[in-house]
Amino acid sequence: MKIIDLTHTISELMPIYPGTEPPKLKVANTYEKDGFKETLLTMSSHTGTHMDSPAHLFPNGTNLDFFPVEQFIGRALVIDCSDLKEGERITMKYINEVEKTAYRAQFILFHTGWDKRWGTSSYFGEYPYITEEVCEYLICSNKKGVGLDVISVDPISDENLTMHKKLLHKTDMIIMENLTGLEKVGKGLFTLCALPIKYDNCDGAPIRAVAILDG
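Count along the sequence shown from 1, then add 2; that gives the number in the working numbering.
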């Protein structure tokens, strides 16, 4: 069995969505003074590698803490879209190329290679994003969730969050953003474990996402 970490490390200097407060990691207790170390974490619920719930956009949507834990674990497939250039979209072409395997997956993760820009200003540029047709496919095929190695399923210019709303309206789907290392997983199905921090009325949360490969 091989396990691959798909998670960016949270730090005070990490990229954050424009307009969001950066995380703060303050040493609250020290070995010298208290005999132990403890850190006070202050951050938004959609910091770093994170998960969106339907409640992120809809008042009556499901919060992450109301989901059964099984929602966050399942068979997944990484689809390679790394040939896309700036501003190009992830279309059904990529799913159709692996249609039979995608049908068996509970989660679809799109590898664009954009995570290599993590920590640079271009990370917030014209990254690839999914089309409405891809959203329809994910909804109609009853996927548990979708994930990407970019900051959003919507282009940075779309303040209406069109794709978010399409995916999360009247569904219990989850969205994972800012994944990393998807190129290490390979082309076959694997087990995805993406557990969000559990807090009250959880509209979204940082996750520790890992790929568990068979064999």
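Rather than coming from a laboratory, the hints here were simulated on the basis of the structure.
If you're wondering where the values come from, they're calculated on a predicted model, not measured in any experiment.
Honestly, I wouldn't trust all of these hints.
In silico lysine-lysine, DSS-like type, Cα no more than 25 angstroms apart, as pairs [unchecked claim]:
no.: 1; residue 1: K189; residue 2: K4
no.: 2; residue 1: K200; residue 2: K39
no.: 3; residue 1: K87; residue 2: K39
no.: 4; residue 1: K102; residue 2: K189
no.: 5; residue 1: K186; residue 2: K102
* To do: Could you tell me which of the hints above the structure violates, numbers in ascending order?
  => 3
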